[in-house]
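Peer 1: Order-wise, the sequence lines are chains U and S. For the first sequence, position 35 (counting from the first letter as 1) is numbered 35 according to our numbering, and the numbering increases by one without interruption. For the second sequence, position 148 (counting from the first letter as 1) is numbered 148 according to our numbering, and the numbering increases by one without interruption.
These aren't lab readings, by the way, just hints derived from the structure by calculation. For each residue, glycine too, the CB sits at the ideal point set by N, CA and C. Careful: at least some of the hints might be erroneous.
Stated by the list, open to error - To give an idea of the interface, some chain U residues facing chain S are shown, with a C-beta separation under 8 Å as derived from the structure:
#1 Ile58
#2 Asp65
#3 Ser234
#4 Leu235
#5 Ala297
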Amino acid sequence: MDRSCVSSRRAFLAALAVAPLSFLVQPDKAWAADGQPITKPIPSTGEPLPVVGMGTWISFNVGGDPVARDARTDVLRAFFAAGGGMIDSSPMYGTAEAVVGSCLARLDRPEGLFSATKVWTSSTAEGLEQIATSERLWGLQRLDLLQVHNLLNWQGHLQTLSAMKADGTVRTIGVTTSHGRRHAELAQILETQPIDFVQLTYNIADRDVEARLLPLAAERGIAVIANRPFQGGSLIDRVKRHPLPGWAREIDCTDWSQVLLKFIVSHPAVTCAIPATSRVDHMEQNMAAARGDMPDAALRRRMAADVAAL
Amino acid sequence: MDLLSYSLVDLIPFSRETYFRLFERYNIGVWPAPIIGLAMGLTALFTARRADGWVLRAPFLLTAACWIWVGWVFQIHWYAPLSWPGIYFGMGFVLQGVLMAVVLGWGPILGSPEATDRNHGPGLWILLFALALQPLLGLLSGRPWYGLEVFGSAPDPTALATLGLLLMIRHPLRWLLSIIPLAWCLISGATLWVLSVPTWPVMPLAVVLYLGVIVWPWVSGRSQLE
Ligand SMILES: NC(=O)c1ccc[n+]([C@@H]2O[C@H](COP(=O)([O-])OP(=O)(O)OC[C@H]3O[C@@H](n4cnc5c(N)ncnc54)[C@H](OP(=O)(O)O)[C@@H]3O)[C@@H](O)[C@H]2O)c1
Chain U
1 MDRSCVSSRR AFLAALAVAP LSFLVQPDKA WAADGQPITK PIPSTGEPLP VVGMGTWISF
61 NVGGDPVARD ARTDVLRAFF AAGGGMIDSS PMYGTAEAVV GSCLARLDRP EGLFSATKVW
121 TSSTAEGLEQ IATSERLWGL QRLDLLQVHN LLNWQGHLQT LSAMKADGTV RTIGVTTSHG
181 RRHAELAQIL ETQPIDFVQL TYNIADRDVE ARLLPLAAER GIAVIANRPF QGGSLIDRVK
241 RHPLPGWARE IDCTDWSQVL LKFIVSHPAV TCAIPATSRV DHMEQNMAAA RGDMPDAALR
301 RRMAADVAAL
Chain S
1 MDLLSYSLVD LIPFSRETYF RLFERYNIGV WPAPIIGLAM GLTALFTARR ADGWVLRAPF
61 LLTAACWIWV GWVFQIHWYA PLSWPGIYFG MGFVLQGVLM AVVLGWGPIL GSPEATDRNH
121 GPGLWILLFA LALQPLLGLL SGRPWYGLEV FGSAPDPTAL ATLGLLLMIR HPLRWLLSII
181 PLAWCLISGA TLWVLSVPTW PVMPLAVVLY LGVIVWPWVS GRSQLE
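Given only the sequences and the hints, what does the whole structure look like? Please build it.
Peer 2: In structure tokens:
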């Protein structure tokens with residue numbers, strides 16, 4: 001099997017040496033023994049990021065419900081206990097940012113957090129207010145990643161975000177899309193804009209981005225976040241009706257969620273996948289995908305064919 | 001906002017569990033408003049059934065007050081934090097309350113007995129269903145009694161009861177007063193469908209029934225002429 005991912009410490013050193021190509025650094029077996037999750041470097045900074053992060057769409061939009069907030073705190077606790085890093089949210093997700101912020105505070109702001117949220121408004125001026133609100137809700141003075149949500153007014157917001165990055169008020173910037181929407185425009189942005197991250201939909205059943213966008217991101221040194229890894233839940237519900245294929249054991253998968261996630265994060269251009277869950281057991285299953293062997297190119301082809309045939 | 005690029009699923013950013021918990025928290029948070037709402041509904045039922053002329057304004061004024069409450073308190077303060085369209089829903093509900101109060105509460109037409117040629121049949125049944133049976137549908141989805149949606153404080157039975165009441169009167173502006181309740185029935189049906197709530201067809205079926213009752217005399221009259 002090909003370990004297409006690298007350890008945090010070694011990734012960082014490798015990234016310093018060959019920063020633009022660091023995401024293609026060859027696998028390193030040494031790290032696995034220390035129990036830490038597999039990481040990949042963010043191409044533009046070299047900083048290692050665990051290959052499985054988490055999303056918050058629906059799962060963390062629970063409002064002021066104290067019972068649900070307790071349950072989400074447990075989910076975040078499990079995430080960080082497994083070495084989780086990126087949490088992705090958006091002002092579009094109702095109360096998700098507020099809930100994440102309150103859970104983080106209850107967990108005494110765990111180490112390793114990579115905070116990623118979005119700006120989602122058609123007005124450039126309002127974007128600044130929205131970002132300030134997000135910082136307040138997360139309880140952070142500086143966010144790690146700000147993305148233009150669904151390319152909404154990306155021209156205006158990217159100017160704001162670039163200026164913020166230049167003066168150090170945000171660490172990295174990017175754009176997002178999903179469901180395969182507006183890929184031609186996204187390609188144009190990847191070609192012309194100095195962004196650190198692109199977020200798009202990529203999973204074993206939605207693979208359009210393999211043709212152009214993933215190679216383009218790799219070529220431009222842009223980190224890729226894969227959203228909707230389980231197609232919002234429908235993909236995993238569908239495959240779970242079938243027994244786990246024999247090859248799943250070869251890549252240390254005990255559950256379909258790990259098969260689906262390992263398929264995504266073993267693509268050389270993908271930096272991390274961000275499955276969303278409201279359950280601790282699912283979080284533990286998902287985070288286990290950031291451990292053990294990863295599929296090589298041949299097995300990835302077989303995985304896709306087998307899942308398509310289910 | 002680039003609304004056309006969003007699908008229905010994008011506009012429902014919460015789970016079924018969160019939606020059901022919203023009503024549990026809301027009913028407890030605004031207590032005893034659900035009981036007061038239900039009492040207002042029963043008063044509306046009895047006055048609408050028995051009265052005409054001046055007294056018939058009472059059920060509509062009571063229901064108008066409920067629309068304003070549901071819009072301001074439920075939609076804007078409880079629902080909108082979970083889902084941004086709630087602000088617009090809230091404004092729509094308040095507008096419906098004001099329209100009902102102005103058109104049916106103070107308008108001279110309703111006051112004249114000739115104008116209240118009421119057909120109690122389907123309207124009364126819809127009203128009864130909204131007041132008594134619709135809240136119990138929640139039990140089928142395993143919801144606790146304190147999380148049930150009742151007339152006057154929750155949007156669905158309030159909208160459905162309003163359609164029932166509107167079928168019990170004849171008024172030139174009835175079509176205007178039907179737009180928001182009908183639209184809400186479709187929005188709520190779509191929301192429940194996305195959340196896979198088994199009773200989702202109830203609200204869209206109410207739209208079909210309401211329009212059917214209105215259109216039927218016209219269609220059957222025409223076919224008789226032909
Ligand atoms: N345009 C954008 O920027 C954009 C668009 C879409 C998504 N996103 C981001 O991407 C994230 C992920 O996408 P998504 O939330 O739409 O969908 P997803 O992660 O593909 O699927 C989430 C669903 O999968 C279920 N699930 C998670 N882990 C599971 C497991 N181990 N076993 C069985 N079921 C499991 C969850 O249910 P349970 O809660 O029961 O576990 C939930 O219903 C979002 O949360 C958001 O942060 C961004």
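Peer 1: All hints, please: hold or fail.
Peer 2: To see whether the hints hold, each was checked on the structure:
no.: 1; hint: Ile58; in the structure: holds (5 Å)
no.: 2; hint: Asp65; in the structure: holds (5 Å)
no.: 3; hint: Ser234; in the structure: violated (10 Å)
no.: 4; hint: Leu235; in the structure: violated (14 Å)
no.: 5; hint: Ala297; in the structure: violated (33 Å)
Checked against the numbered hints given earlier, this structure breaks hints 3, 4, 5; the rest are met.
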